[in-house]
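Visitor: Chain by chain, the residues run as shown.
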Amino acid sequence: MATLSSAHCGSSIYGNDHQRARFSSIQKRFLRSGVSLLYQSNPIRNVVRMQDGLAAATVTPIESEIPLKKLKEGLLSVTSTEGKDAISVDDKGGDSTVSITVVGASGDLAKKKIFPALFALFYEDCLPEHFTVFGYARSKMTDEELRTMVSKTLTCRIDKRENCSEKMDQFLKRCFYHSGQYDSKEHFTELDKKLKEHEGGRVSNRLFYLSIPPNIFVDAVRCASSSASSTNGWTRVIVEKPFGRDSESSAALTRNLKEYLEEDQIFRIDHYLGKELVENLSVLRFSNLIFEPLWSRQYIRNVQLIFSEDFGTEGRGGYFDHYGIIRDIMQNHLLQILALFAMETPVSLDAEDIRNEKVKVLRSMKPLQLEDVVIGQYKSHARGGISYPGYTDDKTVPKDSLTPTFAAAALFIDNARWDGVPFLMKAGKALNTKRAEIRVQFRHVPGNLYNRSFGTDLDRATNELVIRVQPDEAIYLKINNKVPGLGMRLDRSNLNLHYAARYSKEIPDAYERLLLDAIEGERRLFIRSDELDAAWALFSPALKELEEKKIIPEYYPYGSRGPVGAHYLAARYNVRWGDLGLEQ
Amino acid sequence: AGRLPNRLFYLSIPPNIFVDVVRCASLGASSKKGWTRVIVEKPFGRDSQSSRELTKCLKQYLNEDQIFRIDHYLGKELVENLSVLRFSNLVFEPLWSRNCIRNVQLIFSEDFGTEGRGGYFDNYGIIRDIMQNHLLQILALFAMETPVSLDAEDIRNEKVKVLRSMRPLELDDVVIGQYKGHSKGNKSYPAYTDDPTVPKGSLTPTFAAAALFINNARWDGVPFLMKAGKALHTRRAEIRVQFRHVPGNLYKQNFGPDLDKATNELVLRVQPDEAIYLKINNKVPGLGMRLDRSDLNLLYRARYPKEIPDAYERLLLDAIEGERRLFIRSDELEAAWSLFTPLLKELEEKKIAPELYPYGSRGPVGAYYLAAKHNVRWGDLSGEDS
Numbered sequence: 001m002a003t004l005s006s007a008h009c010g011s012s013i014y015g016n017d018h019q020r021a022r023f024s025s026i027q028k029r030f031l032r033s034g035v036s037l038l039y040q041s042n043p044i045r046n047v048v049r050m051q052d053g054l055a056a057a058t059v060t061p062i063e064s065e066i067p068l069k070k071l072k073e074g075l076l077s078v079t080s081t082e083g084k085d086a087i088s089v090d091d092k093g094g095d096s097t098v099s100i101t102v103v104g105a106s107g108d109l110a111k112k113k114i115f116p117a118l119f120a121l122f123y124e125d126c127l128p129e130h131f132t133v134f135g136y137a138r139s140k141m142t143d144e145e146l147r148t149m150v151s152k153t154l155t156c157r158i159d160k161r162e163n164c165s166e167k168m169d170q171f172l173k174r175c176f177y178h179s180g181q182y183d184s185k186e187h188f189t190e191l192d193k194k195l196k197e198h199e200g201g202r203v204s205n206r207l208f209y210l211s212i213p214p215n216i217f218v219d220a221v222r223c224a225s226s227s228a229s230s231t232n233g234w235t236r237v238i239v240e241k242p243f244g245r246d247s248e249s250s251a252a253l254t255r256n257l258k259e260y261l262e263e264d265q266i267f268r269i270d271h272y273l274g275k276e277l278v279e280n281l282s283v284l285r286f287s288n289l290i291f292e293p294l295w296s297r298q299y300i301r302n303v304q305l306i307f308s309e310d311f312g313t314e315g316r317g318g319y320f321d322h323y324g325i326i327r328d329i330m331q332n333h334l335l336q337i338l339a340l341f342a343m344e345t346p347v348s349l350d351a352e353d354i355r356n357e358k359v360k361v362l363r364s365m366k367p368l369q370l371e372d373v374v375i376g377q378y379k380s381h382a383r384g385g386i387s388y389p390g391y392t393d394d395k396t397v398p399k400d401s402l403t404p405t406f407a408a409a410a411l412f413i414d415n416a417r418w419d420g421v422p423f424l425m426k427a428g429k430a431l432n433t434k435r436a437e438i439r440v441q442f443r444h445v446p447g448n449l450y451n452r453s454f455g456t457d458l459d460r461a462t463n464e465l466v467i468r469v470q471p472d473e474a475i476y477l478k479i480n481n482k483v484p485g486l487g488m489r490l491d492r493s494n495l496n497l498h499y500a501a502r503y504s505k506e507i508p509d510a511y512e513r514l515l516l517d518a519i520e521g522e523r524r525l526f527i528r529s530d531e532l533d534a535a536w537a538l539f540s541p542a543l544k545e546l547e548e549k550k551i552i553p554e555y556y557p558y559g560s561r562g563p564v565g566a567h568y569l570a571a572r573y574n575v576r577w578g579d580l581g582l583e584q
Numbered sequence: 001a002g003r004l005p006n007r008l009f010y011l012s013i014p015p016n017i018f019v020d021v022v023r024c025a026s027l028g029a030s031s032k033k034g035w036t037r038v039i040v041e042k043p044f045g046r047d048s049q050s051s052r053e054l055t056k057c058l059k060q061y062l063n064e065d066q067i068f069r070i071d072h073y074l075g076k077e078l079v080e081n082l083s084v085l086r087f088s089n090l091v092f093e094p095l096w097s098r099n100c101i102r103n104v105q106l107i108f109s110e111d112f113g114t115e116g117r118g119g120y121f122d123n124y125g126i127i128r129d130i131m132q133n134h135l136l137q138i139l140a141l142f143a144m145e146t147p148v149s150l151d152a153e154d155i156r157n158e159k160v161k162v163l164r165s166m167r168p169l170e171l172d173d174v175v176i177g178q179y180k181g182h183s184k185g186n187k188s189y190p191a192y193t194d195d196p197t198v199p200k201g202s203l204t205p206t207f208a209a210a211a212l213f214i215n216n217a218r219w220d221g222v223p224f225l226m227k228a229g230k231a232l233h234t235r236r237a238e239i240r241v242q243f244r245h246v247p248g249n250l251y252k253q254n255f256g257p258d259l260d261k262a263t264n265e266l267v268l269r270v271q272p273d274e275a276i277y278l279k280i281n282n283k284v285p286g287l288g289m290r291l292d293r294s295d296l297n298l299l300y301r302a303r304y305p306k307e308i309p310d311a312y313e314r315l316l317l318d319a320i321e322g323e324r325r326l327f328i329r330s331d332e333l334e335a336a337w338s339l340f341t342p343l344l345k346e347l348e349e350k351k352i353a354p355e356l357y358p359y360g361s362r363g364p365v366g367a368y369y370l371a372a373k374h375n376v377r378w379g380d381l382s383g384e385d386s
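One line per chain: the protein sequences are E and D, in this order. All residue numbers for the first sequence refer to full-length UniProt numbering, where the first residue is 1 and numbers rise by one. All residue numbers for the second sequence refer to full-length UniProt numbering, where the first residue is 1 and numbers rise by one.
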């Protein structure tokens, strides 16, 4: 079958391709001001606020000019979708430019994910013609030194080796560096000046990626918004987790951010939302008739969201120790996947429609109860000649830390669609395998004709849909099948879609998609403030209780399947963990 | 020698001597103390009347439960698996009706002609040879209601029920064809009538396509399209289930104008290279939001390395064990004939000329028009299959 290659964003050769995401996202941006849903945003006010840097709600006289500008941008965006070679949208082509400032450029995330993702976007012609990348951090570096640092982690996609080094050079030429403190307005003003130089008078859109420790989020946002906002385009800030430690701190953080930014300027990243199979979850649900009748308590017995890493904190546990696995993985990544899985059909594929549905389902959930949680912590283990350290052996971790590196939880959604269906989550470090998957276990067939062919273990007779997010992306449906032969024996076989076999092109990194969406203003994959509140509301009470009561985690050996308590938790709801079966 | 004797007679003889042999075998060679069974191969008559005659004659000497009419397609692995798929998997249960299924296609093709042995075939034609039995049997298994149990009689009861709920086939809903000679490169393929054993002006169809309907609550309005032919471009037997569109489809704009390509399809390939695959819409990996159709795929050769037994092995074993599930009961046969007999009579009385199609092609064009009449596209000709 002719496989459509993944859409080249922005490239005009594909101008008449209706399937480009850009088409819809650009339209949506234009429509945004007219679409009012649960969340209102005023596209006009933000420019004004950024200029003033004040928290004032009053609008300055400049406002009258702004609507025209915004309207013009919007008009440009509409015409450009129709004309392949027309003037491009505000952030593409001759009229405008995008400046991406990576705040915290010398950090790990920047080196491993952000710069490589930007380069990959550049390589795929997804970045606007005029763009600049600035690194901003405290260390003193020259532009050259930044480029050297960045070049070490850039790679080209496997299937696109040609002119790779040339492209790298071109990309690096657009990378610059400015050193400054994160809480200094002066330094940001200097940055602003440099940015303006590169922008050369065009409409400037600015994206700030905050790759810095959470305690300086607000300072950096304050300085960036007051001193380095765009005067004639948009300014957006991408924020990485953690978003607080609990409901109160998260709400406070949001409040602080909103002193300087509008809701639609805040892009909270959860990079799992950018993963291929998580994106595909909605496609699977809503574009395939065969799954539609199955997606409720009538057919689904339980849902399991499983995450495991096969390594520990490896000497960098100091940061992790403040948060623990529940805040690190469950409250965000797994919960986001759950929301996408369980939400009602959205009105459209618009960001706000989708996020509205996610918030709805999160708010329909019961807060996590302590008795529905099992926590664990990995201990040292010697196997063969190799000895693996325990969590507390990590020098950066306090000796008596009770921080969980493993957690299993049972959550419930109190609505008509999901009442009574256990949603089991499991996340852990230093387990036996590296994996992230969604498993849907279906119910038994009522009045099953083949009862006697299955023997006594009817649990093995049910269907299961498995979506393996990583590694080795795949979707498979376990069905009962007759074993070929003269008897009538049944077994379980997979209707299998293996991405590596089906899609030969390399799958882009989640950060590429997310950065592209941030540049395009597509908010579907970013967490909205009310969404975040709802997420915290589910976990905060349990987290508080865990910490106040100083609950001791169950210890499990490094590299094992995790604490036994997880099995008992599942058993309480009559569930077996699908990933621990023998049938892999 | 003193043991309990059970006797099985497999009649592999021309149909005109069926009754004689049965008479003689049952009178002269029946088992006194054990069972005596007779396996009969098709053809079971040429139409309702002759079939009834044959059954009457057989029943002069045999009971119903001694008659084992073979339809060897019922012994094929994936045809056996059809019921397992339907009844032991919850995920398919809600989908198995007019609510979710748009049409069902039963497709059979051979890539060779009669090859000098058309004399026998010419008396029957493709409808009697393949459609009225093999494809209809598969249809019955596909469409029947859930049986009370896996017992032979319970299953056969359901099959009879569904066959009797069907409308007899009408001439409007049938297209017949016959293959003609064709040269490709320097190879030349003969026409059906070039076969020396076939009468020169024979109108016998070597291809037929038909649309059948089941008038019950589960299947009202769903076209069951059958297609069978010799000397086509490929050798294949498969069941294709095309599902409906998603109502209020969120992803409408991703599919472009051809919404037909946006539906799910379940394909069971009976032969060659047994497989089951489910075509679903999937996001193409990459930065865009493009959808394509991909297969959730079960390929038997990959999953089950043991060689799959021949259908006859299973059927003989079942006959010996007295398991009648895979053999055709008399009332079943009667119901099957009543669906096709009026049509066959009309075809022959009116001397309807078949549409000629080249040897090795995809068959007569009329088949497309028949499908289009019921708003269907043949799934095997879409070019999408691996």
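There may be inaccurate statements among the hints.
As the list claims (entries may be wrong) - Dumping the calculated SDA-like pairs for lysine to any residue here, alpha-carbon to alpha-carbon at most 20 Å:
(1) E:K505 to D:D292
(2) D:K306 to E:V347
(3) D:K306 to E:K505
(4) D:K252 to E:G487
(5) D:K252 to E:K505
(6) D:K252 to E:V347
Note that these hints are calculated values from the structure, not bench results. Just so it is clear, the structure is predicted and the values come from calculations on it, not from any experiment.
Visitor: Is it true that the CA of D:K306 sits at most 20 Å from the CA of E:K505?
Guide: violated (34 Å)
Visitor: With the threshold set at 20 Å, check whether the alpha-carbon distance from D:K252 to E:G487 stays at or below it.
Guide: violated (46 Å)
Visitor: Compare the distance between the alpha carbons of D:K306 and E:V347 with 20 Å, and conclude whether the hinted pair is satisfied.
Guide: Between D:K306 and E:V347 the Cα gap is close to 50 Å, so the pair fails against 20 Å, i.e. violated.
Visitor: Does D:D292 lie within 20 Å of E:K505 when you go C-alpha to C-alpha?
Guide: Holds: E:K505 and D:D292 sit about 14 Å apart, inside 20 Å.
Visitor: Given the hint that D:K252 pairs with E:K505, test it: the Cα-Cα distance must not exceed 20 Å.
Guide: Violated - the C-alpha atoms of E:K505 and D:K252 are around 25 Å apart, more than 20 Å.
Visitor: Please verify whether D:K252 and E:V347 have alpha carbons no more than 20 Å apart.
Guide: It holds: about 13 Å lies between the C-alpha atoms, which stays within 20 Å.
When the structure is compared with the earlier hints, violations turn up for hints 2, 3, 4 and 5 and for no others.
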